[in-house]
Structures are given as C-alpha cells and as structure tokens.
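*Asks:* The primary structure of each chain is shown beneath.
2 protein chains.
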Amino acid sequence: MQNSQSSSKRFLDIIVELQSLIKEQGIQYGDKLPSERHLAEKLQVSRTAVREALRSMELLGLIKTKRGEGTFLSDFKKHQLVEVLSTFIMQQARSVQDVVETRMIHERAAITAVTQQPELLLLPVWKGMQSKLTEEDAVFLREDMVRETIIATENRLSLKIWFLLKQYSGVSFDVAITEKEEIAIVSELLDEMMAGNTKQALACYEQWMNRVEGERREIE
Amino acid sequence: MQNSQSSSKRFLDIIVELQSLIKEQGIQYGDKLPSERHLAEKLQVSRTAVREALRSMELLGLIKTKRGEGTFLSDFKKHQLVEVLSTFIMQQARSVQDVVETRMIHERAAITAVTQQPELLLLPVWKGMQSKLTEEDAVFLREDMVRETIIATENRLSLKIWFLLKQYSGVSFDVAITEKEEIAIVSELLDEMMAGNTKQALACYEQWMNRVEGERREIE
DNA sequence: AGTAGTCAGGTGGTCTGACCACTTTGCTGA
DNA sequence: TCAGCAAAGTGGTCAGACCACCTGACTACT
Chain A
46 MQNSQSSSKR FLDIIVELQS LIKEQGIQYG DKLPSERHLA EKLQVSRTAV
96 REALRSMELL GLIKTKRGEG TFLSDFKKHQ LVEVLSTFIM QQARSVQDVV
146 ETRMIHERAA ITAVTQQPEL LLLPVWKGMQ SKLTEEDAVF LREDMVRETI
196 IATENRLSLK IWFLLKQYSG VSFDVAITEK EEIAIVSELL DEMMAGNTKQ
246 ALACYEQWMN RVEGERREIE
Chain B
46 MQNSQSSSKR FLDIIVELQS LIKEQGIQYG DKLPSERHLA EKLQVSRTAV
96 REALRSMELL GLIKTKRGEG TFLSDFKKHQ LVEVLSTFIM QQARSVQDVV
146 ETRMIHERAA ITAVTQQPEL LLLPVWKGMQ SKLTEEDAVF LREDMVRETI
196 IATENRLSLK IWFLLKQYSG VSFDVAITEK EEIAIVSELL DEMMAGNTKQ
246 ALACYEQWMN RVEGERREIE
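Which chain is which? The protein sequence lines are A and B, in order.
Each residue of the first sequence is one higher than the one before, counting from 46 in the working numbering.
Each residue of the second sequence is one higher than the one before, counting from 46 in the working numbering.
Keep in mind that the hints are not guaranteed to be accurate.
Remember, identical chains collapse to one label, so a pair may be satisfied in a single copy or spanning two.
[Said to hold, decoys possible] Here are the computed lysine-lysine pairs in the DSS-like style, where the Cα-Cα straight-line distance is at most 25 Å:
(1) Lys211 - Lys109
(2) Lys111 - Lys87
(3) Lys77 - Lys177
(4) Lys244 - Lys68
(5) Lys211 - Lys111
(6) Lys172 - Lys87
(7) Lys177 - Lys111
Rather than coming from a laboratory, the hints here were simulated on the basis of the structure.
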C-alpha cells in the first residue's frame, strides 16, 4: 500500500525504501543492515533523515542497533505484524462500525468456544459473576463478563485484540438501556452459557448488543 | 552529561520525559506541544535527539506534526491502540496456535456474515470461484476463497487483521490433503454458502480445517 | 610461537548551526 | 479600514563535526 500523501513525511518514504532494499538484497533476520552513512548515500538523503526512520523502526521492534557494531534486522514475524498494524493505524479505521463489528466477532467467538467446551463451564468465574449480578452496579458488567469469557478461551491474542478494540471504540454503555434490563439480559446470557446452549447464548448476546448499540452512531 | 551507560537509548528516555511533561502540564489530546526547539532547551538535549523521539512517536500515532504550525498530541483512542499494539508486538504471541485460532475466528465470522446476508450471495465473485474450482490449481484456492469471503463482508479491519495473521502463521497447505479432496471440500463449502446454509457451511469449513491443520506443528 | 598491548577504522549517538518551506501574526501604508 | 507584506515561529532537511564503543590487524614483548 502506498501512502501517497503529499509526501510531507520523508521518514515514512525512507522506511518504505528501506524495506524494499531489505527485500532486494535478501537480508535475513539477524543480518546486519548497511551503516547509516552508507544508507544516507545510497538513498541520497542526509544521515539525519535515515536516523529518524531507523529510530522509528527501532521503537516498533523492526530493528536493533548496537553501538560500535551496527544495525541488525529484527525478527521476521514482528516485522510483518508491525507493518500491517502500523499501516492500519496511519490510515485510521474507515469507520467506527468496523471496529465495533470486529470486536463483536471476537466476543461471539468466545461465547461459542466456551459453550462448546464443557470443562470451561466448570470454572469458578461464572458463579462469581452470577452472584455479582445481584449485588453490584451494571456499568462494568459488560466489560467483566465479556473479558472473563475471552480469558476462558485462553487465546491471548484474541484477548489482546479485543482489549484494544474495546478501548478504541470507546465505552458508552449507560444509555438506551436501564441497569435492570441489562442485568436481566446478561444474567440470561450467563445462564445459557453455563447450560452450554450455544445458540441461545448467542441470541442473548445479539439482543444485548441491539439494545446497547445505536448510541455510538454520532460519535464520528 | 549525566548519561547513559545503563540505558544507551537516549531517544527512549526522551519519550519518557516527554510523556511525563505532557502529564505535568495537563496537555490534552489535540493540544499543541512545545516546539522542538523549546523541548530541546527544556530537556537539555539537542534538537536532533528530540526529533528522533518525536518521529518515533509519530510513527506510533501518538502525535501529529504540521509544518509551520507545530506538534500536536494525537487522539486518545489511537494512543491506547498503539500502546497495546506495541506491547503485544514486543511480547510476541505466546503460541502459533493462538494465531491460527484467531485467524479462524475471523474466517468463521466472515462465512457466517455472508451466508446471513442474501444480497451478498448475489455477488459475481462466487460464480467465478465455482468455475475456477474445476479448472485451476487448488494451492491458492484456500487463500482466494477465504479472502473473497472476508472482502464481501466489507469489514476492512477484519480483513487487515486476517491478512496479517495469515502472513504471521505462514502457509503450508499442500500436505495431508490431496488437491482433489480439497477441491471437493471447498466446492461443497461454496455451494452451502451460496445456498445460505450457515450451519452446513461452517461444518464444511471445520472439516476442511481439520484436514489442513496438523502440518504446521513443528514450524516453530 | 604465543600473548598482551596498541592503534586505526568503522559504527551508532549526539550536537551545532545553518538553510528551506510553510503558517501565523501583526505591522505598514495606501 | 483593509489589503498587502514583512517578520517571527514552526517543522523538515542537511552537512559536518565530535564522542563512545567495537572490531581487527598490527606490533612488541615474553
């Protein structure tokens, strides 16, 4: 993906050039990169500009630098990850709806996974949730409930993605639904989950989301 | 000169100092930061060093710079996004299995979404896939098939996440299943999808994955 | 021969001072 | 009054200079 802005971001161009250079020369992970001075000459920019690009890449974990020795290409997979993620971040999510929808994808998947693995239903967390439901405030319920569900799946990657999406999409779960209603729905969801009824649990979830959504429409 | 033996990464220190400075002065998202020259003087470092730190932060989306105007603290949500992302990136996914499973989460979600939206089933892509199935190699089938499905959902974020997960988990889809078998399964999956049978389509998908997985175990 | 010491060259880390391009501000003069 | 312009301030870039550190070759002594 070319960023194609009015090219005010020189150091971004340099990063791109650097990556294609790495590809061309077949530099492997752990190998040494050309020195800053050589890169500056090769790319026809100042060493300052090269360094700004390198420092950015270093902060992202793409490279590692050792004083007196040189700059080394870091691990492969981090590389790919960061590339796409950072591109996405720069371009900004096209719509908030994408973020919300993707978050819900992970939430549905967690509910499905938990209800289909009987051993996960024996975890003490669920009973704790049930008792809390009758006592406490409903404001944090959603967060706790879903988080615990995803934690139960033991997929840390999914958990992290969900976590960041949640922060990104913001939290505004206090309108358009009363606490009583929400408690009722969540309680039903929890019951269905513990009963191992995937379909019914998902239905509860959808109902819940329908009540809760719609308030975030004019955020952007 | 009070540096530095212990942590030779000056620009990292500067980032930390910058963030505490932001906190102290109560700078809000969207507010203007002190100019590079002022920061250099305040932190008792050169403007070069300040710039290296700022460029790193910019690549992470923490700040935005406008020539002739100044440097601005970026939006809150992006901030969180990047923070979590970078943490994740640094720590590395715990296991390859997480990545595979998360990828499959997105794939299942796409299949479900498409089969439940009749208008998406009218897209010409599917018929194109069907005809290709009888002609070409099966090697790229999986990739094409799944990608088109996710594209059809029009969730760009999910697509990007899937794309990076795919790269991350690597591709080794040519063993443990013959081309003929794979074509048969994919063909069935496609048929079920076009018929709008969510459940059957997902069942096909699971069957497919079961045949294809298991070969990637000793990659890492 | 083998070892310790020295030294030159390369590397990243930092700094200085100087331009450039751009925006805002405010002053000037008609 | 207000259009126009100059100055100041900002980020963007550059060249050149040190510094701290590492490596490797060379030297000199044992």
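*Asks:* Each hint: holds or not?
*Replies:* Status of each hint after checking the structure:
1. In the homo-oligomer, the alpha carbons of Lys211 and Lys109 lie at most 25 Å apart only across protomers (23 Å), although the nearest pairing inside one protomer, at 31 Å, exceeds that limit.
2. In this assembly of identical chains, Lys111 and Lys87 lie within 25 Å of each other by CA distance solely inside one copy; the values are 21 Å within and 28 Å between copies.
3. For the identical chains of this complex, Lys77 and Lys177 are neighbours neither inside a copy (55 Å) nor across copies (44 Å), given an alpha-carbon limit of 25 Å.
4. With identical chains, the CA atoms of Lys244 and Lys68 are never at most 25 Å apart, being 48 Å at best within one copy and 43 Å at best between copies.
5. In the homo-oligomer, the alpha carbons of Lys211 and Lys111 never lie at most 25 Å apart, since the shortest distance is 36 Å inside one protomer and 29 Å across protomers.
6. For the homomeric pair Lys172 and Lys87, neither the shortest alpha-carbon distance inside one copy (64 Å) nor that between copies (49 Å) is at most 25 Å.
7. Taking CA atoms no more than 25 Å apart as the test, Lys177 paired with Lys111 passes in neither setting, with 49 Å inside one copy and 49 Å between copies.
Checked against the numbered hints given earlier, this structure breaks hints 3, 4, 5, 6, 7; the rest are met.
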